[in-house]
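Engineer: Keeping their order, the protein sequence lines are chains A and B.
Here the numbering used here is used: position 286 in the first sequence is 343, and no number is missing along the way.
Here the numbering used here is used: position 143 in the second sequence is 200, and no number is missing along the way.
Be careful, since some hints might not be right.
[Stated by the list, open to error] So the derived label-pair ranges between C-beta atoms look like this:
no., chain 1, residue 1, chain 2, residue 2, range
1, B, 269, A, 264, 14 to 24 Å
2, B, 305, A, 467, 42 to 52 Å
3, A, 299, B, 197, 33 to 43 Å
4, B, 193, A, 72, 32 to 42 Å
5, A, 66, B, 104, 39 to 49 Å
[Claimed, not checked] A short list of chain A residues far from chain B (calculated; beta carbon distances all over 10 Å):
no., residue
6, 130
7, 147
8, 302
9, 306
10, 341
11, 437
12, 440
13, 441
Rather than coming from a laboratory, the hints here were simulated on the basis of the structure.
The C-beta atom is built at its ideal place from N, Cα and C for all residues, glycine as well.
Protein chains: 2
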Amino acid sequence: RLRALYTASAGAFLLRWLLLGGLIGALAGTASAGFLVALDGVTRWREAHAWAPALLPAAGLLIGLAYHYFGQVAGRGNNLILDEIHRPSRAIPLRLLPLVLGGTLLTHLVGGSAGREGTAVQMGGALADQLPRWLRLTAADRRLLLIAGMSAGFASVFGTPLAGAVFGLEVLWLGSVRYDAVLPSFLAAAVADAVTRAWGVGHTAYPVLGALPLTPTLLGGALLVGALCGLAARGFIGLTHAVGRVYARFIAYPPLRPVVGGAVVALLMWGLGTTRYSGLGIPVILEAFQHPLPPAVWAWKLVFTALTLGCGFRGGEVTPLFFMGAALGSALAAVLPLPVALLAAMGFVGVFAGAANTPLACTLMGLELFGGQAGICLGLTCVVAYGFSGHRGIYGAQVVGQAKHPHRQPEEGQRLNEL
Amino acid sequence: RLRALYTASAGAFLLRWLLLGGLIGALAGTASAGFLVALDGVTRWREAHAWAPALLPAAGLLIGLAYHYFGQVAGRGNNLILDEIHRPSRAIPLRLLPLVLGGTLLTHLVGGSAGREGTAVQMGGALADQLPRWLRLTAADRRLLLIAGMSAGFASVFGTPLAGAVFGLEVLWLGSVRYDAVLPSFLAAAVADAVTRAWGVGHTAYPVLGALPLTPTLLGGALLVGALCGLAARGFIGLTHAVGRVYARFIAYPPLRPVVGGAVVALLMWGLGTTRYSGLGIPVILEAFQHPLPPAVWAWKLVFTALTLGCGFRGGEVTPLFFMGAALGSALAAVLPLPVALLAAMGFVGVFAGAANTPLACTLMGLELFGGQAGICLGLTCVVAYGFSGHRGIYGAQVVGQAKHPHRQPEEGQRLNEL
């Protein structure tokens, strides 16, 4: 009798989350589709107008004012959603959605260096948190909804449902995963990705890697790239924080920070005479798989992204991290006897794995984007990058679940930005 | 300065585990290669001698005597290794290796229905636990070594390094994963798989699935197959335990149990007039991907495996679980409008995911064996099967990390076989 009850409760849970997960998936998938189309339009416009970066200070002012006067908590971005999952306090305002969407599009329009996963994840989380107002849901349901919303946003913006599903579970804690939200996350991610595709929105196709036997050279290469990716991730996090601190110290009025920050980015771009570090940088990412890039490329992307996001522009960190990683891996092809596409793919997933502390989601992303043949190499890179990035991350509200090294166990249970 | 120290410690950890993980990988990979070659020979011999099952009682006596008089704790198999990871008490005896190897080969020689992952995992664990005798290692190192040894054994016996790496991490706890062993597991799994392949030992090639858009039919199919897989897993675990209890109750002298159990299996085989449920059953698994199998096939494999393993024969559960799942999915192709190969693949990974409570490892296995195109379908099946299998599993020493449902939270921290 108990067993029948248990099966019935598992069945009820499945049907309930088929509905709720399907609903969030449809909402987040539609939001991502709209976002991707708009982002594409904005990027084309920028590429056609070389003077667009001259608008960086003006766009910065707009974003700064909007977040300062209408944003309230919204300025905390992804961390707001993570905090609500760990320590629920109040509903996530729907106004987060237009703010982050508008802010991201404006950032990309004028050539800031930023990504898109933050936007999609925040839209997914904000949409998911509207459901408890309309449906009768418990606090436990709300928690699962928020996690599923993050998964749905991530899955649909990159076209990688498995990576998205696992990302939502893995990003909450550094060093551990819990499975309470596994079914909601998988369902929401699967539906969101299908909905984005059903709207006719496609994703960048990356080269599929061939099978390679794991030789000592390949193993050593994967570990070396992983270690460098972890250090690059740490450098990026450190520089972004430093930029934020400097602006906060010298400019008291927050809306002015992205104005000055935008001017700095624009001047640097003008000084270098290139706009290749603007926006997502997909063309350069694809170039990284074709031939070795100069080592300066990844370093400049790091600097541009830290300068853009550190002063208050909006967007995600992930695509710039893909860029840095792919360019870093590609640069190593000049010295390592390994295929450039493989090295670029390792870097692509590795820097992100180290920066977000999500090695399994990044491994799955590697399998979904580059095919299964090089899976274990990509997995090794992600795991080593995770080991080398320390107790730091692009999401300050991530909580240490299991310390990376025994001597840091006292930090378990603390948020990364409290350390 | 602290940062430099931290990087140095991450580097030292990497180099240390490159050595240790490489060593376990080489040992476990070599053991798996020898095991696979021997298993292949034994299976050929049995297929050429239709009367082999007549030897089941005699083989049962040999295995029963060996485990009773020389085995000591070895009879606990995988659970011994899991217990040593959770609550270390004494070194795992090297004699576990010849016992489980001989017992498994004998079981397969005479046509018992059994698998191979248990053997590989136990060999990996037993070999790993020899290293602390020769090298100076701490208790924390030993724990990581045992986990890495399990990962290495699993990875090399199936040729799926990512699934193996994650299996070692995921099998310890039901409902949660911790990352302390993530680097040792990935390294050992990668090296073990490469070493097995370097010995020239190949693995079964399964059909690569094509891309399918996620339609409501496909989503519903994946969820339905998942639910049935979870229930089938629960049925298998229940029946295996019941068989064990019946033999323990009516036959006081343990070595006699596999004698009687062997006779029962042989008689049932003779009554059905088929040996297709003997051994791993790879040919039937491959058949399941080609055309729908009758529904009786998966049920008989369940019964034969429970009867074989419940009375004391040796081997793993996993390949029979693949068989049950693939046959179950294949049978559903008669009623569901989905490709038979896709349904068979869903069942293949689903029953195992439910029975071992390892949905992520099984999803990765699906990606490694069947290609990345159907990844999210396989993932959904695994996650739903996990949800439907309850707090039960083929590894009784698995500890509940996070309950599958809130009302079972009091069970967190308990071993499955204590519930």
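Engineer: Against each hint, give a clear statement of whether it holds in the structure.
Structural biologist: Now for the hints, and whether the structure bears them out:
1. B:269 <-> A:264: 14 to 24 Å: Given a distance of about 22 Å, which is inside 14 to 24 Å, the answer is holds.
2. B:305 <-> A:467: 42 to 52 Å: 47 Å Cβ-Cβ, so the 42 to 52 Å window holds.
3. A:299 <-> B:197: 33 to 43 Å: Given about 35 Å between the Cβ atoms, the range holds.
4. B:193 <-> A:72: 32 to 42 Å: violated, 55 Å
5. A:66 <-> B:104: 39 to 49 Å: holds, 45 Å
6. 130: Non-interface label stands for residue 130 (chain A): nearest chain B Cβ at 28 Å, farther than 10 Å.
7. 147: Holds, because the least Cβ-Cβ distance between residue 147 (chain A) and chain B comes to about 23 Å, which exceeds 10 Å.
8. 302: holds, 17 Å
9. 306: Since the minimum Cβ distance to chain B is about 22 Å, residue 306 (chain A) lies beyond 10 Å and the statement holds.
10. 341: Check passes; 25 Å lies beyond 10 Å.
11. 437: violated, 5 Å
12. 440: It is violated; residue 440 (chain A) is separated from chain B by about 5 Å at its closest Cβ, not greater than 10 Å.
13. 441: violated, 6 Å
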